[in-house]
Amino acid sequence: MSDLQATYPWAKFYRLQGPLKIDSLGQIIDEIWAQHSHNRRQRSLETPVGRLVGISPGIEELRNLIGKVAPSQATVLIRGESGSGKEVVARAIHEASGRTGEFIAVNCGAIPDTLFESELFGHERGAFTDAVSRKLGQLELANGGTIFLDEIGDMPASMQVKLLRVLQERVIERVGGAEQIPIDLRVLAATHQDLGEMMNAGTFREDLFYRLNVFPLDIAPLRDRPEDVPVLTQELVRRLRVDQRTSVEFSDRAMAAMQAYNWPGNVRELANLIERLSVVKPHGRIAAADLPVAIRGRDIEAANDAVDLGSSSLKQHLAEIEIGLIRNALDQSDGVVSRAAELLKVGRTTLVEKIRRYQIH
Amino acid sequence: MSERVILVIDDELERAEALKGMIEFMDSPAVRISVPDEWQNQLGEARAAAVFLANGLQADIVDKIVREIGDIDPNIPIVLMEDNADE
Chain X
0 MSDLQATYPW
10 AKFYRLQGPL
20 KIDSLGQIID
30 EIWAQHSHNR
40 RQRSLETPVG
50 RLVGISPGIE
60 ELRNLIGKVA
70 PSQATVLIRG
80 ESGSGKEVVA
90 RAIHEASGRT
100 GEFIAVNCGA
110 IPDTLFESEL
120 FGHERGAFTD
130 AVSRKLGQLE
140 LANGGTIFLD
150 EIGDMPASMQ
160 VKLLRVLQER
170 VIERVGGAEQ
180 IPIDLRVLAA
190 THQDLGEMMN
200 AGTFREDLFY
210 RLNVFPLDIA
220 PLRDRPEDVP
230 VLTQELVRRL
240 RVDQRTSVEF
250 SDRAMAAMQA
260 YNWPGNVREL
270 ANLIERLSVV
280 KPHGRIAAAD
290 LPVAIRGRDI
300 EAANDAVDLG
310 SSSLKQHLAE
320 IEIGLIRNAL
330 DQSDGVVSRA
340 AELLKVGRTT
350 LVEKIRRYQI
360 H
Chain H
0 MSERVILVID
10 DELERAEALK
20 GMIEFMDSPA
30 VRISVPDEWQ
40 NQLGEARAAA
50 VFLANGLQAD
60 IVDKIVREIG
70 DIDPNIPIVL
80 MEDNADE
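Here the protein sequences line up with chains X and H, keeping their order.
For the first sequence, numbering that gives the first Met the number 0 gives the first residue as 0, with consecutive numbering after it.
For the second sequence, numbering that gives the first Met the number 0 gives the first residue as 0, with consecutive numbering after it.
Mixed in with the good hints, there may be bad ones.
What the hints assert, rightly or not - If we take Cβ atoms under 7 Å as the criterion, some of the chain H residues that face chain X in the derived model are:
| # | residue |
| --- | --- |
| 1 | V30 |
| 2 | V34 |
| 3 | L79 |
Unchecked claim - Listed below are the simulated DMTMM-like cross-link pairs for lysine to aspartate or glutamate, each with C-alpha atoms no more than 25 Å apart in a straight line:
| # | chain 1 | residue 1 | chain 2 | residue 2 |
| --- | --- | --- | --- | --- |
| 4 | X | K20 | H | D10 |
| 5 | X | K280 | X | E352 |
| 6 | X | K280 | H | D10 |
| 7 | X | K11 | H | D10 |
Said to hold, decoys possible - Computed far set for chain X versus chain H, every beta-carbon distance over 10 Å:
| # | residue |
| --- | --- |
| 8 | E30 |
| 9 | H35 |
| 10 | D112 |
| 11 | Q137 |
| 12 | D153 |
| 13 | V165 |
| 14 | P220 |
Just so you know, these hints were derived from the structure itself, not from any lab.
The C-beta atom is built at its ideal place from N, Cα and C for all residues, glycine as well.
Whole structure, please, built from the sequences with the hints as guidance.
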């Protein structure tokens with residue numbers, strides 16, 4: 000067995016030699032559980048898809064704050080633009096909290112006002128016309144765990160007061176029920192809106208705001224942390240390689256263009272772009288010319304980026320540039336070939352022939 | 000979430016039960032795997048917290064188990080029982 004560590008360098012081997020003694024066994028058992036505790040914590044902070052991946056000071060600070068707030072019972076208000084990963088942060092807090100119950104996410108912006116109370120608090124059979132059976136609400140389902148109220152700014156005023164009561168008294172009442180049900184909840188909320196401003200405008204309750212804003216966490220938009228774009232890209236590409244067996248990589252110029260872009264859709268937009276690029280070019284090098292015009296801009300240097308690449312022939316380079324330009328034109332024209340031909344200033348027949356030859360889909 | 004348990008993979012009943020008993024004495028759940036080649040089936044719904052491999056298991060079986068552990072979670076500790084650890 001002495002060669003095992005050399006054969007499997009990733010493995011965590013321990014050796015227990017000589018007669019079995021309670022001391023040496025106990026030491027190993029302690030190490031095993033300590034290691035599990037460490038791994039669990041590490042994993043809980045290594046959240047999925049590029050979410051808390053990053054090297055910027057803002058993300059490092061965020062990871063640090065999550066580590067501090069997670070084990071507490073404090074209500075957390077997560078603020079960030081759309082696509083910045085608010086739910087990911089919420090999940091990371093839940094996973095690192097040690098709470099054994101479920102993580103339940105509720106998008107307050109997606110529930111019609113009339114269904115809100117039933118959705119959140121549940122209902123008893125016969126509470127209203129369609130209530131043919133008892134239904135547990137999201138708050139009750141999260142009992143022992145964490146409820147994540149996304150887009151809390153969209154919560155109707157009538158529900159804000161009911162939520163406040165839950166936060167104060169830690170009990171719920173199903174719609175149509177008389178029983179007060181005690182619940183043990185960690186409440187996390189998120190918004191892309193300025194709740195302080197809404198509070199001043201009278202559209203968000205002041206008392207609820209202060210109840211939620213116990214521990215605010217801000218996620219910086221991606222445009223303010225361009226140094227995170229390469230590491231996020233690397234992580235997203237790695238995940239696609241595992242899930243879809245693609246192997247794309249990005250040229251330096253393409254990465255520079257991506258770092259300079261303002262990413263209004265944040266990490267979600269980056270993830271979507273990489274997924275799309277890995278579909279159209281699953282095993283190649285992504286040049287700046289392959290990026291959408293909005294990202295690479297229209298400068299000729301970006302279009303010439305492919306010339307820097309690898310050792311393939313001039314003909315291949317030119318073909319790659321041509322493919323990139325055709326794809327962009329098709330993107331801009333929503334796939335209408337005649338319109339793309341106009342953009343490229345070539346005849347429709349010529350473009351159709353090139354699409355066929357390059358097998359552009 | 001399924002429980003994490005410590006596996007004792009050993010086809011020698013008496014030795015395995017002695018080790019399992021000591022691990023359980025330390026408040027750690029343990030499961031004895033009597034057919035090393037089928038450890039995953041015998042584990043069932045539980046998850047491995049660590050794997051104790053008895054001295055004397057065939058090298059190819061040990062290799063197979065280590066590879067399979069790596070596929071599941073490379074962080075799972077593997078404890079190699081050596082020499083007279085069973086005495």
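Query - Hint numbers not upheld by this structure, sorted from lowest to highest - result: Of the numbered hints given earlier, those the structure breaks are 1, 2, 6, 8 and 9, listed in rising order.
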